[in-house]
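Student: With chain Z's structure known, arrange chains G, L and B on it following the hints.
There are 4 protein chains.
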Amino acid sequence: MSANIVVEKLRFVPVEEQNVELVERKGLGHPDYIADAVAEASSIALSKYYLKKYGIILHHNLDKVLLVGGQSAPRFGGGEVLHPMYIVVAGRGTEVVINEGNSLEYVPIGTLIIGATKNWIKKNFRFLDPEKHVVIDYKIRSGSADLVQTYRLGLKSVPLSNDTSFGVSYAPLSTLEKLVYSVERYLNDGNVKKSLPEVGEDVKVMGLRIGNKIKLTIAAALISGLIPDLSHYLSVKEEIVNRVTDLTAKVAVGYDVDVYVNTADKPEKNVVYLSVTGTSAEHGDDGATGRGNRVNGLITPLRPMSLEATAGKNPVSHVGKLYNVLARYICDKVVNEIPKVREVYMEILSQIGRPIDEPLMAVVKLVVDEDSNFQSVKSDVEGLIRSELSNVTRLTELIVNEQISIF
Amino acid sequence: MSANIVVEKLRFVPVEEQNVELVERKGLGHPDYIADAVAEASSIALSKYYLKKYGIILHHNLDKVLLVGGQSAPRFGGGEVLHPMYIVVAGRGTEVVINEGNSLEYVPIGTLIIGATKNWIKKNFRFLDPEKHVVIDYKIRSGSADLVQTYRLGLKSVPLSNDTSFGVSYAPLSTLEKLVYSVERYLNDGNVKKSLPEVGEDVKVMGLRIGNKIKLTIAAALISGLIPDLSHYLSVKEEIVNRVTDLTAKVAVGYDVDVYVNTADKPEKNVVYLSVTGTSAEHGDDGATGRGNRVNGLITPLRPMSLEATAGKNPVSHVGKLYNVLARYICDKVVNEIPKVREVYMEILSQIGRPIDEPLMAVVKLVVDEDSNFQSVKSDVEGLIRSELSNVTRLTELIVNEQISIF
Amino acid sequence: MSANIVVEKLRFVPVEEQNVELVERKGLGHPDYIADAVAEASSIALSKYYLKKYGIILHHNLDKVLLVGGQSAPRFGGGEVLHPMYIVVAGRGTEVVINEGNSLEYVPIGTLIIGATKNWIKKNFRFLDPEKHVVIDYKIRSGSADLVQTYRLGLKSVPLSNDTSFGVSYAPLSTLEKLVYSVERYLNDGNVKKSLPEVGEDVKVMGLRIGNKIKLTIAAALISGLIPDLSHYLSVKEEIVNRVTDLTAKVAVGYDVDVYVNTADKPEKNVVYLSVTGTSAEHGDDGATGRGNRVNGLITPLRPMSLEATAGKNPVSHVGKLYNVLARYICDKVVNEIPKVREVYMEILSQIGRPIDEPLMAVVKLVVDEDSNFQSVKSDVEGLIRSELSNVTRLTELIVNEQISIF
Amino acid sequence: MSANIVVEKLRFVPVEEQNVELVERKGLGHPDYIADAVAEASSIALSKYYLKKYGIILHHNLDKVLLVGGQSAPRFGGGEVLHPMYIVVAGRGTEVVINEGNSLEYVPIGTLIIGATKNWIKKNFRFLDPEKHVVIDYKIRSGSADLVQTYRLGLKSVPLSNDTSFGVSYAPLSTLEKLVYSVERYLNDGNVKKSLPEVGEDVKVMGLRIGNKIKLTIAAALISGLIPDLSHYLSVKEEIVNRVTDLTAKVAVGYDVDVYVNTADKPEKNVVYLSVTGTSAEHGDDGATGRGNRVNGLITPLRPMSLEATAGKNPVSHVGKLYNVLARYICDKVVNEIPKVREVYMEILSQIGRPIDEPLMAVVKLVVDEDSNFQSVKSDVEGLIRSELSNVTRLTELIVNEQISIF
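Chains as they are written, first to last, in the numbering used here: chain Z, -18 to 388; chain G, -18 to 388; chain L, -18 to 388; chain B, -18 to 388.
So that you can see chain Z by itself, here it is in the shape it has in the complex (with noise of 0.2 Å):
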């Protein structure tokens, strides 16, 4: 099995001594944000009603969520939803549960999917009521499950493979990597809302690096129902400014950063980025699963990304989540604890088939120290990966209670 793991030296200058860098991240608010979000707390919800039930997590893919944005009519000091969105949750699932003797039992997938939505819009904007502007559909082609025979097959056993397919990630964050991820955060942190609340859910940050000059660009849907004026919501603007500005003095040390937010906005013909609900999704912008951040929160053009959506796929199987997840983590702990490692890059590549613990390659490039023993720091590395390996089924722990973010 070792033979699979590969380790290797990468010449590489350092991203955060490259000149240019791109770094963007879709907040919680945005449509593709949301559709994430809702597909995988549809799987979260599915998983845990599957474990409590019949102890494991049966076969599901909810990794097709579309947004489809609402209409609505802000102003200063009201507005109105005219349109709800719409959502629609797409993919598999197990409806029917063959238990012994042949006897079957059903899943409540459509009112769990339902539930599980809702409780997240809920749970995650003031103002954006699911009841009265989300219309939540859902189109799951569902199949059986032979509890019997899954339980002879041995449960206990490895998971395998449910395609070829495979996860990337590296560590640490650059500079303007946490800084792009801690200014969405910061914004949408709870103490912040309340000193300031105008600020909507939807968030969206871009940050360009040239040599050390950086520039932040935020959107920031601002709540209509609170700001009662042009000159209130002037006012807003420069106090995100000045916040985000005592921000990046902390995150972002030895850099000279600019900070524009809504770039759009025409004052002067009140042209101006207010939301009834906090979503630019209320009026006409639309979302999708898997177009948003990658599991590090974040889009990353000149850095190494998976396409595969990590939200609304099953944590068990799916390798095109779990092995997104496991290098993210593996990465984290190679920078963390192995000494002299600066920057570690990882791919792990999937067979169908094959356990998940087991898979057809894991490839790990380094940026070390020069004063390092490549050969001490590989074979550290190797033992790594080789006892993450082994445990990577608590990550699908991890994942159904919500205790990692993928997004």
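Just so you know, nobody snuck in bad clues.
Which copy is meant is left open, because identical chains are indistinguishable; a pair holds if it fits in one copy or across any two.
PhoX-like cross-link-like pairs, simulated, lysine-lysine; straight-line CA separation at most 25 Å:
1) 359 <-> 194
2) 34 <-> 113
3) 196 <-> -10
4) 33 <-> 113
5) -10 <-> 194
6) 113 <-> 29
7) 99 <-> 113
8) 99 <-> 120
9) 103 <-> 113
Hints in this document: simulated from the structure, not taken from any laboratory.
Tutor: Okay, now just chains G, L and B, sitting in the frame of chain Z:
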């Protein structure tokens, strides 16, 4: 105008004296009733919004609601909804209003329809949760109204018929008709629901009278969560029979009434009529607007009936609604206020484009006591009709304020 | 069994001799007609598939079709469909068949329904292209049938009623009824379509008779692509009036008939009734199964009518379909074959679970010639009914082979 | 403007010389490819309509297509589609055009989208019939364009970016990339389809290179109707291996290539990869726009990639599309036309509101031959970029006329 009113004597054995009578009522929780109620609740919500904002009810027609039944797994003492039912409200509405100075105002037509539907369900069901058990969507093609022009044309004037159509009704109800209606109303009465909570909202009553023998067949979806076992189920059925028998003793004096409940049950095979939510729509029964009760709340195949759905149409210019309501209203008044009239049948025919208080033709057929002076009765009836026609727009208010039941 | 047949004399002025009569027919291209036809075509396609593959028609009920009108922009000499109409076929069907040895066979229910719908449109319209102008979807909850068990229970035996329901009909048609029916059939006749191709398939005929004066109001969607200008439009309308007037001279001898076509036109404002495809469903008019013609092809508010949709239900056990068809069939036979009968009305009532050839009650009311021997007529009628009841399963074949029209 | 162009040397081991490489291509019939193709075909149809009618491409964005897999029952020698797949095209489009004199013109947006989708399927599949096997719907929120104002603003000027976004690409393709691409193109080539018709359109190729050893894993849905039995199936697989091996001998000279086809097959259990129509979308596999190939037709996790979908966006102002296409175009030119350049990577960043020929930043990183004069190369590259940027609007034409492939 009076030339359009025809009053004639009907040589006809009154229904009560005929040998065979057939009457049906689809109760509150029947899928067709739900489809009617959702259509009407949506129309009322739009009407109220238009009235409040613009002083008039703008054009709409929402009389095509489809309810696709869900899937459920009731069992003694509990059960679950597996797949929510699906309701789609189809039709037309005025979504854009052109104000003075060509400024546009948008009507939150989607939010209104979905809100009205959910509210109706919440108010009328105890165990059907619109947030968990129903997916509500809509397909409304929207038009615009030029308010300026509308006002110029004179809002206060009488609206014009939007179609060539007719309304029909009759009075009084026969004993069987009263009985069928009362039985459903009784079983869905608030107090009865307290003392006999196991009876779901989906109650369908079919009455057959041959001579003075009546067979009442009641289909009532019982609430699975409140019924721990078969013997409890059977005792509830018995209680329904007893109570309905008591009721018939008051409503159908002199008739010999047999009461049957859930006749398709086969208790020995555990085949009984249970539901999680109180409606058969939870498991496979579909519904559509206009397929259930007529304007008097009954299906009476041996009496004149209009096929126009009263539910969902706008209550201003849609004669398919207004003339049915009007015919019923006038018939009730005729038998209540004009002596010697035993039965009255009425048809009112519109012509597209005519003011609604000037129908193309209003025909009244009377069964009068033998000792009556027909000319005198006729003259009274004509007077009453003229008076009601000139007041026809008042019906709009009664409908919008739900002071009149129409299915 | 004969105890369930009641034949009685109706003391009733024959409809023809009453003063006022109202009759309507929604023609081939009317949205409600399309909804009926799509439901029935789908049921027939399933029935034929089941018959061919399994020798019996398995359970299904497709009597809830919703047609949401599209959007179009007709103009003299051309025009376009902007948005296709949307048809959704809702209901139940048997999708899985369990064969001997517990092997499963799947029924291509989706492909059959969509194919049948498109074929019906192709066969019946010249300008409505199912591939371009219609979106066809379906929402069918499917069940399974255990064929082995079905055969064991005895296929050849008479099916059991699936509901407590009734069928009603009457014969003969009055002159006005014949006229309304004939006019629509004439305008949609293949040869007439050749000589007067401008007339679209959506023809609605409303007839009002007062004494011997008849007003026929025809709404006919004219094909925009075939009508270069207003004067051509007006000449087509004139031609319709002329031809229909000729027809009435044959069908309604002795009546004074006025013919009106497209009365809402305001030619001076260019408001005329044009359509690109031949149906008003192309622009905003919605349709639903069961909202149009009754089993005899007519809407007759002053005659007994059933509210059951005949279209789309399975023709084996669904009495809401079979008993309407049967009642009509028997009524026709009675007036054709039994002398001295002037009018016949019939109701047939089922009880869920009874064999369909043993209705709970069959009531026949006769208007007979004054010189007739009622006992003899009654006896003949009873004999005919008994004979037809014992042959009721034959209707299934007539329906599936489309040898009988039912709306 | 030249200040925005950065050209720098990349200190980087060329991909070809790195130890591990991973490349994937989702072929013509893959569900994600279909979703991309439907989005793009719809955008092109709209663009051509707008161009023909108004001389410009009006605003639209159709980059959210969801394909929900159908259900089928393939078997050796035949099989059936049980449930058609479902495609919904979501997005925005300009539906109303305001002409001089405030007259309105409507765009047949629905008919265009459905027509384009069906045409694409017809042209690209032999056994997938868009009329039988696919339900096509759309959810487009539409806006209006004031043509008069548009012209006044100056149509001929350069469009403004509609978003802050970026495009990335690189050149040349590595040997593995060329191979993966070629294999799919070969198997979907018209002539190959004639000599090896059993190979369906859904071909997915995954390539892994370790040193000079390549593993090609091909998933190919074989056409059930053309394969009478298992031995024929196995011989087709063998033929694919042979032919692809021949192809690799030409494309990947000097590499040691292993070819695997349908590795999940278990012939001994009759588990093989058959399809009725040629795509896995017929049975449960879903697809979505933007989840498949990048602008160069490949998924290259170890190369820079943009997450923007190129398909479906308007080709005039949507930089998420244009800048990806442009980056690829420029990279190809650089390696083809400028000597001494071994590899080129490019990022182009827009800022909302800037003319599209003036990106905020264009970064080019070069791997050059050791003996090259970098200043001279750099100057040539800058010149080429400037020239291409000033010609950027020409790409619009190439895209609309399908002279350039973008996924």
